[in-house]
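S.K.: With chain P held as given, fit chains C and S onto it using these hints.
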Amino acid sequence: MTNIYMPRFDPAMETAKIIEWIRKEGDHVRRGEPIVKVEGEKTTFEVESPIDGVITKIMYPENSEVKAGSIIAIISEQAVEGGGKPRVKATPIAKRIAEEHGINLSMVKGSGPDGRITKNDVIREIEKARLKPVEAAIVKIGEAKILRRLRLSGLRKTISERLTYSHKTIPSASIAVDVDFEELIKLREMMEKSVNLEISLTAFIVKAVAKALRKHITLNSSIDGDEVTVYDSININVAIHTEEGLVTPVIFNAEAKSIEEISKEIKTLTEKAEKKQLTLEMLTGGTFTVTNLGPYGVDTFIPIINPPQTAILGVGSVKKRVVIKDNDIALKPTATLTLVFNHQVIDGVPAAKFLDEVRKNLENPLTLILK
Amino acid sequence: MSIIEVSSTGLDEFKDIGRDRILGMFRDMLRIRFFEERVEELFLVRGLLVGPAHLYFGQEAIAVGVCSSINPDDVVLSNHRGHGHALAKGIPAKYVMAELFGKATGTCKGLGGSMHVCMYPKLGALYSSAIVGSNIPIAVGVGFALRNTGRIAVCFFGDGAVNTGAFHEGLNMASYLKVPVIFVCENNQYAISMKASRGIAARSIAERVSYSYNMLCYVVDGNDVLSVYKASLEASSRVRGGMGPVFLECRTYRLKGHGVYDKAEYRDKSEYAEWAEKDPIALLKNRLLQSNMLSPREISDLEDEVRREIDEAELFAQNSQVLEFSELYSFVYG
Amino acid sequence: MGEFMRILTYAEAVREAVREEMRVNPKVFIAGEDIGIYGGAQKVTKGLYEEFGAERVIDTPISEAAIVGLGIGAALMGMKPIVEIMYMDFLPIALEQIINHAAKIRFMSGGELKVPLTIRTQYSLGRAHGAQHSQFFPSILLNIPGIIIVLPSTPYDAYGLMKTAIKGENPVVYVECCLLYHRVKGEIPDQEYTIPFGKADVKRAGNDVTIVAVSRMVHEALEAAKKLEEENVSVEVVDPRTIQPLDIKTITESVKKTNRVVIASDDCVFGGIGAEIAASIQEHVFSYLDAEIIRVGAPNTPVPFSPQLEKKYMPGREDIVKAVRRVMYLDR
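Protein chains in written order, with the numbering used here: chain P, 1 to 371; chain C, 1001 to 1334; chain S, 2001 to 2332.
Just so you know, these hints were derived from the structure itself, not from any lab.
Treat the hints loosely; a few may be bogus.
Said to hold, decoys possible - In silico SDA-like cross-links for lysine to any residue, where the CA-CA straight-line distance does not exceed 25 Å:
1. S:Lys2163 - C:Ser1330
2. S:Lys2114 - C:Ala1104
3. C:Lys1122 - S:Gly2168
4. P:Lys24 - P:Ala12
5. S:Lys2027 - C:Asp1073
6. S:Lys2114 - C:Gly1334
7. P:Lys37 - P:Glu25
8. P:Lys215 - P:Ala176
9. S:Lys2249 - C:Ser1326
10. P:Lys37 - P:Gly69
Chain P on its own, in the form it takes in the complex:
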């Protein structure tokens, strides 16, 4: 007998949803064969059977929210009568009607001999199910006119859970700095002319951050309880906003990649995100997150850390602002960068030093191109 558990993609992930039972109770399955589709994190994932056998029991029906780590199915190496969960006894017509109406026979009480489920038992169950919704509709009539009701599910729910977790558990602090983007914009224009492609601003920021992290590597880490893991690989999560919500695919090994490469990757990942084609591999393994609300006109904001990472950098919009340069008033394109960090891992001064490094990198953009 082998248990199939609800996978946990992420320590922050409490539950996942069973989207579809690809194989049903009583089915023979081969090792490696997908048996259930679950939605967790920001993707759907197919759980495979680890052995050849028969699914003797399915614990939760489709559309159930199940705690990660719970047993969701049991597979036996053989279909054993006595071993494992007992066979559901139902008459052929009862099975047929149950299947037609999506009734789970294991939920039905049989009135026939030996607990046999008969046609009438199933019909009664169908009647019961039909009556329920009528009762539920009567409750909760408030004074405000309701436009619509939504239930948090899927991606939205995941985001909700993670952010709540982050907010509750991480003692975070934030520091901000204004960055002069004049040189960077000039450089960008030149580069775009020569390669004849749009280069995303975020790509420059990712590169700047990656370089800075190499010098302030402590910020490139994660924490689990008391244990901090500082990573050698610098993998930057880039926040991408889709209709469904926020997804943060990873640019792996960002410091080794050119701006062009990073820009192309961001473009590809955005497309994939919009088409919901992001896989688990694309979303996990990040060590630091960059989130750019600049395109939406936001000046400053304080992002929430992406656990279990140590820090996140928020980028505001680049606008022409009045600055003091050489004791005189000047008009420069600037943006505010806000670093939010986990105070358990690092203090304000090292964090500030890092942020300053980022600023320097951005204000001297040629250093980003040269190795």
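M.R.: Here is chains C and S on its own, set in the frame of chain P:
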């Protein structure tokens, strides 16, 4: 009822019968003999045939004598040892051979086999039963249908049949209903290994029948085709006349085993030798030579001719197709 | 509908069918023990000897094998014999002729020969006639391809089916029920009609349970249905009328509707006709069944003589009601 003994005819009775008919009977007997020889070879030497085969060696005079004495529209019922009856009644050898090969061109389309070859309604070969004695009650029914038509039925069976219930029920019913049937018992002395004289608790078959069923019986030398012919001719005219059924006990010998694989080792060698001397074909052949009805040359030519017929029959059978399996269902109900 | 109707008993219905065919077709004749001068042991052939004479109504000695053989031989020659076996228990004496010859001649001759023979017989269960004069065992013939088996339950069916048997080209074993002969009356059109073989008749329509019943048990099933109606159980009674060929389509259509089936007949349950019908039903419409298929029939013993014991032996309406309650899960 009386028992009439008919045996070896004298030479002058030849003229009654006529040269053509005698030569015809000789050819018919040769055909049966050569056919059976070929069947034996196909089974035992060449291994091309399977199933049962009860060969007619030594009994040719009975089938030929009887069938020559009746009309084409008279009806014959046969048994498991029916190759001789089939050929004597005029069924072309190729159809009989094809049936043995299980082909669709056989008399039963390959669905009957050796024990049912004598089934060709157009020529009056009506039905062949593989169950000993069971054709007797059916012959009664056939005779019942033929009452007042001038036609008769002839039912062939062996000494083994005379102890069955069907024999008793049938002959009693036949006499009771006065049906126009000739019952021909080919007493070849053996029912597989049971000697007739042992198993039949009566003084003779003819006596049993004569006393039990009030039926006229002929006792005939079954190895003399002319005697058989005479007896059968007389019997058939009586039956056509409406006197009711008549019984022919033809005494002969089964020169081979019961079936093609049976070596008949349970038989006395001297007994066999005695009967082998009285081979019906040899007997007629001598008569023909003695009376100068045929020269040795003519006889050998005739033999060659008949052998060629058998060759053609075998070729025909080999080249024929077998029925499609799906066709079987169409032969169960009508 | 403008049809004139006559009311006949079950026995009269058989007789009229035979008489009418004998009148129009000179090739039809009847034969059997005591069927002529005596009018038949159960008086079914009464009057036929007087009308058609000794040439066409043949009284035979006690020779069941020869009686059937007579029929087979005459049929082979184009006549239409109707032979009688006085009690079904005597059928085994003629079984060799039936199984080896009547059933197989058409096949063995590659379709060249036909046996248009009707074998009439009857079973006397319920008349205290003892083990050797009471048994009903048509399932024995189910296993013999080539034979048609007819089990009429009403005068209407008896007439139509006998007509089809005589006019047809196949060997038919036509099993009458003695208890139904003179007690059951029914309406029969004045105009000639036939009932095809292999066509079941829904004797009563219903929705909750199907009872497949033959011969005498059709009447028991109808009585059981009335009783069950009081308990709000709607019963459908299907009478196959012939079990070879069997109208499995009508039966399975009914089961699809009701999801429950009970099979009722006078033969022993074990190895009886219910066994073949039940196997067929589950093979065709398994996923429509809401319960086991239950067979109601006689116990697995020979028929006892003692009238009190025979009464207990005979299956009937109470057994059918019990079986229906079981498949409806009413006794929980």
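S.K.: Give a verdict on every hint.
M.R.: Quick rundown of the hints versus the structure:
no. : hint                  : result
1   : S:Lys2163 - C:Ser1330 : 23 Å, holds
2   : S:Lys2114 - C:Ala1104 : 19 Å, holds
3   : C:Lys1122 - S:Gly2168 : 23 Å, holds
4   : P:Lys24 - P:Ala12     : 30 Å, violated
5   : S:Lys2027 - C:Asp1073 : 20 Å, holds
6   : S:Lys2114 - C:Gly1334 : 8 Å, holds
7   : P:Lys37 - P:Glu25     : 15 Å, holds
8   : P:Lys215 - P:Ala176   : 19 Å, holds
9   : S:Lys2249 - C:Ser1326 : 22 Å, holds
10  : P:Lys37 - P:Gly69     : 15 Å, holds
Checked against the numbered hints given earlier, the structure breaks only hint 4 and satisfies all the rest.
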